[in-house]
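Peer 1: Chains as they are written, first to last, in this note's numbering: chain A, 1 to 1073; chain B, 1074 to 1461.
Read the hints as simulated data drawn from the structure, not as lab findings. Wrong hints could be hidden among the right ones.
What the hints assert, rightly or not - In silico DSSO-like cross-links for lysine-lysine, where the CA-CA straight-line distance does not exceed 30 Å:
id : chain 1 : residue 1 : chain 2 : residue 2
1  : B       : Lys1077   : B       : Lys1218
2  : B       : Lys1337   : B       : Lys1368
3  : B       : Lys1337   : A       : Lys3
4  : B       : Lys1385   : A       : Lys120
5  : A       : Lys76     : A       : Lys3
6  : A       : Lys224    : B       : Lys1368
7  : A       : Lys493    : B       : Lys1385
8  : A       : Lys493    : A       : Lys477
9  : A       : Lys495    : B       : Lys1337
10 : A       : Lys125    : A       : Lys8
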Amino acid sequence: MPKRTDIKSILIIGAGPIVIGQACEFDYSGAQACQALREEGYRIILVNSNPATIMTDPGMADATYIEPVEWRTVEKIIAKERPDAIIPTMGGQTALNCALDLDREGVLAKYGVELIGAKKEAIDKAEDRELFDNAMVAIGLETPKHYIARSLEDAYKAQDLLGFPCIIRPSFTMGGSGGGIAYNKEEFEEICKRGLDLSPTNELLIDESLIGWKEYELEVVRDKNDNCIIVCSIENFDPMGIHTGDSITVAPAQTLTDKEYQILRNASIAILREIGVETGGSNVQFGINPVDGRLVVVEMNPRVSRSSALASKATGFPIARVAAKLAVGFTLDELSNEITGGITPASFEPTLDYVVTKIPRFTFEKFPQAPDRLTTQMKSVGEVMAIGRTFQESLQKALRGMEIGICGFDPVLDVEASNAKDVLLRELKDPGCDRIRYVADAFRAGMSVEDLFEHTAIDRWFLVQIEDIILEENRLKGASLEDFTHDVLYRLKRKGFSDERLAAVMGLSEEDVRNKRYSLDIHPVYKRVDTCAAEFSSATAYMYSTYEEECEANVSDRKKIIVLGGGPNRIGQGIEFDYCCVHAALAMREEGYEAIMVNCNPETVSTDFNISDRLYFEPVTLEDVLEIVHIEKPDGVIVQFGGQTPLKLVTQLERLGVPIIGTSADAIDRAEDRERFQHLIQKLNLKQPPNSTVRSLEEAVVEGKKIGYPLVVRPSYVLGGRAMEIVYNEAELKRYINSAVDVSHESPVLLDHYLNSAIEMDVDVVSDGKQVVVGSIMQHIEQAGVHSGDSACSLPPYSLPMEIQDKIRQQCVELAIELGVVGLMNAQLAYQDGEVYIIEVNPRASRTVPFVSKCIGVSLAKIAAKCMVGISLEAQNFTNEIVPSFYAVKEAIFPFNKFPGVDPILGPEMKSTGEVMGTGATFAEAYYKSQGLGALNLPLNGTAFISVREVDKPEIAELAKNLHSLGFRLVATKGTAKIIEDAGIPVMSVNKVMEGRPHIVDMLKNDEIDLIVNTTEGRQAIADSATIRSTALRHGVYCTTTIASAKAVYEALVFGGDTSVNSLQYLHAQNTS
Amino acid sequence: MHYKPAILALEDGSLFEGIAIGAEGQATGEVVFNTAMSGYQEILTDPSYAQQIITFTYPHIGNTGTTPEDDESDKVWASGMVIRDLPMLASNFRNEQSLGEFLKQRNVIAIAEIDTRRLTRILRDHGPLNGCIIAGGELDADLEKNAAGRELALAAAKGFPGLVGMDLAKVVSCEKSYSWEEGFWDLNEGHRKPEQEGQFHVVAYDFGVKRNILRMLTDRSCKVTVVPAQTPASEVLAMSPDGVFLSNGPGDPEPCDYAISAIKEILETDLPIFGICLGHQLLALASGAKTVKMKLGHHGANHPVQSLESSKVFITSQNHGFAVDEESLPDYLTATYKSLFDGSLQGIHRTDKPAFGFQGHPEASPGPHDIAPVFDHFIELMQASKAV
C-alpha cells in the first residue's frame, strides 16, 4: 500500500536550540524527514527556533518558521498554514512535548490536524512511568522496581523491599540534584532527609539499584503492517548508572549469545506493539544482570533519538528517513535500501562486519564549580564515533578523534606518584569523563583485569583489550625505529595505534613513524559501510579506514574537493561549523566537483552519506587526513569551514604538499599571530585596544600599568576563551598570573585593555580574493567582555549609527583584501566613544555564518566555497550586501541547569551550547521572541530586583523608571535603591547575602522575584553575588547580567507579547523586493 | 598467546594467510559465508554445514565462548572456520569453554586474522568456491617459505568435488531412531522438559536435523520420534504418526532418491507433512518440482521473507545453497513465501494435501524468531487431520 493521499501538507516540529541531551542529531533526523516527505510531494511546513540547522535552510521546506517550538507559537503557524498532519517524532523531547501540549490545549482538534508517526496514547504510554510499568507487566517484562516515598518512614519501607544499594531521587529538582546512591542506613537516612527537604513536592523516588548491570539499546522500526526490524544493537561499555548519552557505547552488541540477543529482540518488538508505535522508529533500553542474565526494561523512546542517529551512521540505515516514509503510510518492503543502490528492500536487518565505538565529549572545564562525575543525568556536549574492523582499532580511532589533545591511550595520571593508587581507585569507582584513560593507567600501574572488573563493572571482554593495548605500548618502550619490520608495524596499525601515539611511546616524532611506515609501504585500506557485510554490492561510497588486504575506495578520476569536518561538538565548536561544511559539499557538487567529506561526528548532517559524493567516517587528524589525500589525490582541500579541528592542521598539511584551497596558511597565521596582526593593523591605520604579550609576572605588572586597567587576560595557547578573565586591578592580575595560568617564555599571557561598556560587533564577509562583499554586521546586545558566542546579537544593528556601520564595512573590506582572504572572514570589533577598534579577525567560517545566511536568504558558506575553486563573486552574482528588511536576534542558550550550583554569569569564556533566532518587524519584537525561546520566559509584570555594579549606576534610574512605568514593583540592594529612590521612584531595599537575613536569596526562594537585573564586576563581587544568580536559575527566574541586555529587555517588555509568525520564505521575499 | 600460521586457498587461486586458532591439519570444503552477528556455536554445530568451510563476516567470533546448551547437534559439522579475530577472552555468564578450546577439542580446523571481507566479496562475486585450509603442522612462521604449503592447499581446493550431486543427508543422519524430549531454551530454566506427553506424534526424518526444530515441535505438544534419513515410508507409517517432519540438512537434494520416494509414499496417505530447508526441497522434488544450485546461496540471519498471502514481512534465518525452482512448480504446489533479497522461492504448499515446506529456518537458532508461526501451521494441519 503506497503513501497516504488524504493528507497534503505536513508540519514537522524541530528540536530547537542545541542543549545537553538534544544536539544536532535532530537536525540530521529533521533534515532527512523534510527531504523524505518532500520528495513524496507533500507540502512541508517546518518550525524550529535554531537557525544553525540545515533543516531550516529555506530550500528544505515549503514554509520554514524559525520561531519558538512552543505550543502558542505553533498554534499561530497552524492557523496560518493549516497543515493536515504533524510529525512530532523528529525533534526530540521538545517536539514530542510540544505536540502533547497542542493536543491538550485543543489546538489539534480545533484545526483538524492529525498526529502521524506517534499517536498521543503511545507517547503517553511510553513517557508516563506508571503507564509504562503497567504496559511492561502486561507483556511479561520487568522494569526496575521503584517506590514513591513522602516521609522517612515511607522511605524505609521502600528500602526494606529494595535492599542496598538503592537510588534516591527527589522529585522535581533541577538536574536531579539532591539525589544519590545509598549503600547503608546512615547514607540512606542522610540522602532521604536532604531529598525530602529539597523536593518541592516533598517526594522521593526510591529505585532498585542496577549499578554494575550491563546496558543495551536496540533501535527498532515498525510499520503499519506490523513489520518490525531491529536496525542496530548497541552495548554500553560503561555499566548501568551512567546515562547512556554519557557512556562509551559499542555496536553491535558484543557479549550476548544469540539466545540472549533474541530475548532482547523479541522484547523490543513486543514493547513497540504494546506501546502502540505503529509507524516509525523507537529506541528501547535494557539492563542485564551479568551474573544471571536477568533482564529489565529501562525505558523506551517512541521517536528518533541520539541513539538512532548513531545507529544510522553505524549501520548505513537512515532511520529518520525511513521513519518519515512509514509515517505517511508506506511499509518497509515498499522502501528500498539506498546504500545498496535500491537492490534490496528496507525491510531487513543491517548486519555489520566492523565494530563501531562512540565516545562522548565533555566540557566540565567550562563549569569548574559543577561536580564532574558521571551519573544518570546526561552531561556530555558531543560525541565521536569511529569504525574499525576490531574493537581495539575502533576504540583507538575514536580516542584520537576526540579533540582533547590525545592520540590514543595517552596517560592521564603519573602512575609513579605516591597518591596514584588512591586517585585510580576513586576514578575507577566513581567515574568521571576520563574514566577509560584511568582504566588504561590502572593497567600501567599493574592492576589486573579482575581488579578492574571489581572496581568498574566494565565487562572483561572490553577490559582485556585495553590491557592488551597497554601491554603493546609497554613492549614498545625502549624500542627503536629499526625494530619496526613490516610485520611488527602492520600488526600495531591493525590494533589501531596512531603514528603519533607510537611516536609518543617511543619518544620519537610523528613524522619519524610516518616516514618509517611509508618506507615499509604500509597504508590503510578503505572498506565500505554497506548494511549487509558485503553480501550485496554497494552503490554508496561510505567508507572507513582499516589495515587489511583489500581496498574498496575505488577512487574516481573526477575533479574532486575534500571538505574537512569539525569533529565532535563541544562548547565553542558546534553545529554552526557542520552547517558550513554541508554547504561547502553541496556547493562543490553544484559546480560539478566530486565532494568528499571527512568527519567523525555521528550526530551531524555532514556525515549523512547523501550529502557528499564520498564520505570518509574518520578522525580529523593529520595522519587520517593525509591517508585520505594519499588515496584520493584531490584537487583541493577545504579547511576553513570545520572550525579549529581542521584549521589547526593547515600548516602541516600545506607543508606536506596537500593542496589547501582558499585563504592561505600564511594569511591565517598573520591573523592569529599577535605580533604579525599588530603590524597588519598598523599598516592599515586601524585601531586595536592597547595590548601586550608578557612572559613573566614582573613584565605583566609593568605592561598592565602601561595599558591601563581593566584588562582582558588570557593564555596565548588556548582557544574559545578558555581561562580568559577580566581583571580590574594589579592585585587581580597578580592572582591570575600566579594561580590561573602557567606563564613562561613558551606560553606567554596576552593582555588587552578592556573596553568597558563598548558596543561589540561581529562582521562576516566573503571574498574571492579580489572583491569583498559584507555578509552582514551584527550588533551584540551584551557589551564587549562577554564572549561573542554567548552574546545575543541583532541583525541589522539596532542602535549603531549608520556612519559607524559604514566605517566598519570599509575596515573589514580592507582587512580581507590585505590578508588575501579567499572564502570567509569574520571580524569582531568594538565601538566606544566614537572609535572603532578591531578586536579579532578570523579568516575562516564563523559561528554566525548560518544565522547570517538565514537572515539574508543567501548561503554565505556556499558562495565562499565556490570562491575557493575560483568562481568569482561577480560570476556568482553576489556583489552587494543584502540588508534584511526585518530584524533578527540571535540569542545564546546555556546548559547551566545541567550543572547545579554553577554561577550563570556571562564572561569572556564561552559557555553556551546553542542558539535561537527571533525575527520581528522591530528590534523589540525580535528580541522578545528570542527571549521566549530558551528555558525561561520573559515575565511581563511582577517584581523586579535590581543590583548593579558601580559603572552601571548612572544608567539605573532610567531603567528603574521604565520598569516602574510598566507596572513592575522594584526591589534593590541598598546602594542601587538609594539612586532609584533619589529619582523619585518607589523601591524596596533588601539585604545582600552578607548583610544578614532576610536577604535577596530568601526572597528568591520564596518566589517573590520575577525579574533580575544583576550586573557585577571583579572576582570577589562576582563570587559574593553568585548565589543570587544560581538561586534564580534554580527557581526559574529571568535573570539578566548586563545593563545592555537589561535595556533590550525593557524594549521587549514594552513591545509586549503580541508576536507575529513569518516564514523565512516570506521574509526573504521582502528582502529582495 | 602464540598461534601457528595457517593458509586458506580457494580453487580460483586466491590465497589468504593467517593464524591457526583451532586444530592443526588440513580441511577442504565449499567455502561459504554467513552474515549473522551472533550464534557462531549454533552455526558450527548445524549439520547443514557438512563439507562446508564457514566464513563469518562479523569480525569478532568467540566473544561469548561456548556452552553445551547452544549445540545444535552433537558435533561440529562444518569442515572448517574462517574468521577475522578470535577474542582474547570469552565473556558471558553461560560460557563454559572458549571457542578456541572448543574447536581444538572437536578437532576443527580454523583460520583467523585474514581479510574476511575480501574473501566474502570474492564469494559474493563468484558464488561459493571450493577451498582448503592448512593450519599449523609443517607451515613455517615465515609465510614466504610456505610455497609448498600453498601449492598443497590450492591443489586440495581444486580437487574438492563440490556439493552438486553430493548426497550428504545420509552421511550426517542418525544411525537409529530415538525419541526427543527437550523443549525450547529459557533464560531461567534452560531447556525445558515437557510437563506432559505430547498430543501429536511426529516422526521426524533426520537429514541433518537441528535440535531447535525438535524443541519447537516438543513445545507445541508434539511427541517426537527422530528416524534415520533412509528409513522406508512403511516403517514410518507403522509408527502411526499424526504428522511427518522433513528436516534440514546438507548437500544437494536431488541424489536423495530414497527420501524422495519415501515422501511420495507418505504423501499418498494424506498425513500432514512439514519440511524445512532440505526437507522443503525434498518435498518439492517428491511433488514433481525441480531444484537448482543457486549462484548466491543464502547464509545469514537478516533475510526478509514475505508472505504472499498477507504481504507481511518476516526477518528469517537462512542457510541454503540449493533452492526450489519456482518455474517448475506443478499446479498443485503453490508458492507461499518469497525472499525480498532476490525474489527466490521461500515456501510451498500442496493444494491437494496437508503438506508444506519452508526454505528458511523457522527454528532460528541462531536468528530471529519471526517466522516461528509456520510450526503452528503444522500443528493446525495435524489437528484438522486428527479431527477427521
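Peer 1: Return the numbers of the hints above that this structure violates; sort them in rising order.
Peer 2: 3, 6, 7, 9
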